[in-house]
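Peer 1: Residue strings, one per chain:
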Amino acid sequence: MNIEQLSLHANSVRENIIKMLYSAGSGHSAGPLGMADIFVALYFKLLKIDPSQPRWSERDRVILSNGHICPVWYATLAEKGYFDKKELLNLRKIGSFLQGHPKRNLTYGIENSSGPLGQGFSQAVGVALAGKIDKKDYYTYCLSSDGEHNEGQVWEAIMFSAKEKLSKLIVIIDRNYIQIDGFTENVMPMDEMLDKYQAFNWHVQEIDGHNFMEIIEAVENAKAVFDRPSCIIARTIPGKGVSFMENDFNWHGKPPNKEEEMKSLHDLRTLKGRIKSEHQ
Amino acid sequence: MSISNQKMGLCRQGFGEGLKEVAQKNDQIVGLCCDLTISTKMDIFKSAFPDRFIEVGVAEQNMIGIASGLAMEGKVPFCASYAVFAPGRCWDQIRVSVAYQNLNVKIIGAHAGLSVGPDGATHQALEDIASLRAIPNLTIIVPCDYYETKKATIKMAEYSGPVYLRIPREETPIITAENDIFEIGKANIIYQSKIENKIVIIGAGPILFEALEAGKALEKSHSLGVTIINSHTIKPLDEKTILEHIEGKKLVVVCEEHQKTGGLFSAVSELLSQRKPSKILPIGVDDSFGESGKPEELMVKYRLTKTQIYRKIISNI
Ligand SMILES: Cc1ncc(C[n+]2csc(CCOP(=O)(O)OP(=O)(O)O)c2C)c(N)n1
Ligand SMILES: [Mg+2]
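Quick mapping for you: the protein sequence lines, in order, are chains A and B. Reading the first sequence from the start, the letters are residues 39 to 318 in my numbering. Reading the second sequence from the start, the letters are residues 3 to 319 in my numbering.
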C-alpha cells in the first residue's frame, strides 16, 4: 500500500465520517476528521489483522480511549471490510451496533467500550500486560487525546506501564489542542507532552499526524523499543480537510447540517478548493 | 414526550439561571466545571461572575476534592458535570471529602437518564441515585421541570450541607407553576382526583409528566381516582407526606428514569416495608444498560411512557 493509496482511503473515510454524522444528527466532527490519517495508516499499513477473523488471537489490538471519536474508527473498520459501509448510516440509531460511544463488539472489530475519558487507556494497559504475561507477539495500540490527559487515571496508567516495561504498548495521542470548553492550553495546559512522557520513562516521539511517512516511521521506531512503553504525540488539525471546521473547537461535538454536509463533501473532494472538479 | 401545545423548558436552564440569581445574593458561591461549561449551563454563571468560575478540566475527582477544600474555607462550591461523571467518576471523593466531612458542596449531575439519547449507554446515568443514596449526610434532589430546577438550585444554595441535583439534557414539559412552593424534603401533591383515590403514584423528575397523563387517563377510563406525589427530594424522603397519602389506597406506583434498583422505588419500598407493607409497582429501567437512539424511542423501548405506565397499572390493579 503506497502513500497515494493511503490518502485515497483517508479521503473516503473522511467523506464517510461527514455522511454518517449528518445522518445521525448528533456526534463529534473535529476529532474524527483529525485522526483519519492515523486510523488509515494503522489499518491499511501497520496492523497485523485479518478482518475475516476478527477474533484471531494473534491480532494486534486497537483500544480507543477517547471514545467520542468513534466515527473515524467505524468508518475505517468499514473501509477495511469489517462490515458493510451502508451500516455507517445507522450510527447512533436505535438497534445499531454503531453506538454513539463504542460498545465492545469483536465481530465488527470494535475491541473495547469507552466514552468516559481515561478508562480506555487503562484497558489498553491491561490488554498489553496480558500479552506480556502470555508471551504473545501482538502489539496494543491505544488511541488517546490531549483533553483526555486531564484525567488522573491516564497518569496512573502511564506510571504503571513504565513500571511494567510494557514495550508492546504503543499509545498514539491526538494532540489537536482543542477540547470542549476551548483550546487545551486555556482549559488545562498540556504542553510539553513530550517532556511529561519522558519524565515518566516512556519512549516518546512527536510527529505530524497527517504525514503518512512520519506515522509509519514512528510506529516502526516504537516497535524497535524493547524496554519501555511508547508514545507517539501526533500533531493533528481538528476538522482536517473541511475548511470551516479546521482548528475550531466549536466543532468538537456537533454534526454538520445538510448545507454543511454538502460543503464538507465538496471541500474533501476538491482538497478545499485547490482542485477544480470533484473527483467523485 | 412532547405534546404540541405543551409548554416545554430546559431543567439545566433553570439550574443556570437559579445559580446566577442566588449568586447575586451570596458572594461566597463559586462554580466549578469539568470541560462541560456550556452544556451544563454553568456558562450562565460564568458570564455573570467570571472571577468566581473555576475551570478544572476533564478531572471530576479533582473537582470534588477542590470543592471540598473550598467549602472548608467557607465557599459554597457548585460542581457541574454529567451525572455519569459526577457522581460517576468521583463517588469516593463525594463520600469522604464531601459527605464524611459534611461540607457545603453542591454537585450537579446533568444529562441524567435515558433521555440523553444517541450518546448511548456510557452517557446515560441510570445508577447515580442508587450509588449516592447510601451515603450519609447527602441530600438528593430530582426536580421535574425548569421552574422546579431553578427553585431547587436556589434552595440548595441557602441550605447548608452537601446536595446532589440530578437533571436531564432534553427539554421537558413544564408541570409546575412559577409560584408553587418548593421546600427541600417536602413532597408536593401535584394531582388528586375528585373521586375516591385508589391509587397513589409517587415520582420524581420529568417522568412525572407521564405519570400525570397516565393518572388522568385511568381516572377517565376506569373511574380510578389517583393521587400523584412529586417526591423531588429522594433523600431525605418525605415520609410523612407519603405515609399520609397511601392510607386506604389499593396500589402504590413509583416512577423514575433510573434503575429500579436503589432509586426512588427502593426508597419508598424501604419506608413502606417498615411502616405500612403495601403492594408497590415500580416503573423504571429493569436492570439493563441503555443504548443509542432518539429519546422518545428509548422511552418507549424501556417502557417509561404514559401509555405504558397506564397499561401496567391496569394489569396490576
Ligand atoms: C470522564 C469524562 N468527563 C467528561 C467527558 C465529556 N467529554 C467528552 S469529550 C471531552 C473533551 C476531551 O478532549 P479531547 O479528547 O481532546 O477532545 P477533541 O480533541 O476530540 O475535541 C469531554 C470533556 C467524558 N467523555 N468523560
Ligand atoms: Mg483534543
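Careful, some of the hints might be misleading.
[Claimed, not checked] The list that follows gives simulated cross-link-like pairs (lysine-lysine, PhoX-like), each with its CA atoms no further than 25 Å apart: (1) A:K292 to B:K296; (2) B:K218 to A:K131; (3) B:K157 to B:K218; (4) B:K296 to A:K57; (5) B:K308 to A:K124; (6) A:K203 to A:K170; (7) A:K123 to B:K218; (8) A:K57 to A:K86.
Since the hints were made in silico from the structure, they are not lab data.
Peer 1: Determine for every hint whether it applies to the structure shown.
Peer 2: Tested hints:
no. : hint             : result
1   : A:K292 to B:K296 : holds (16 Å)
2   : B:K218 to A:K131 : violated (33 Å)
3   : B:K157 to B:K218 : violated (31 Å)
4   : B:K296 to A:K57  : holds (19 Å)
5   : B:K308 to A:K124 : violated (35 Å)
6   : A:K203 to A:K170 : holds (10 Å)
7   : A:K123 to B:K218 : violated (47 Å)
8   : A:K57 to A:K86   : violated (29 Å)
Violated hints, listed in ascending order, are 2, 3, 5, 7, 8; each of the other numbered hints is respected by the structure.
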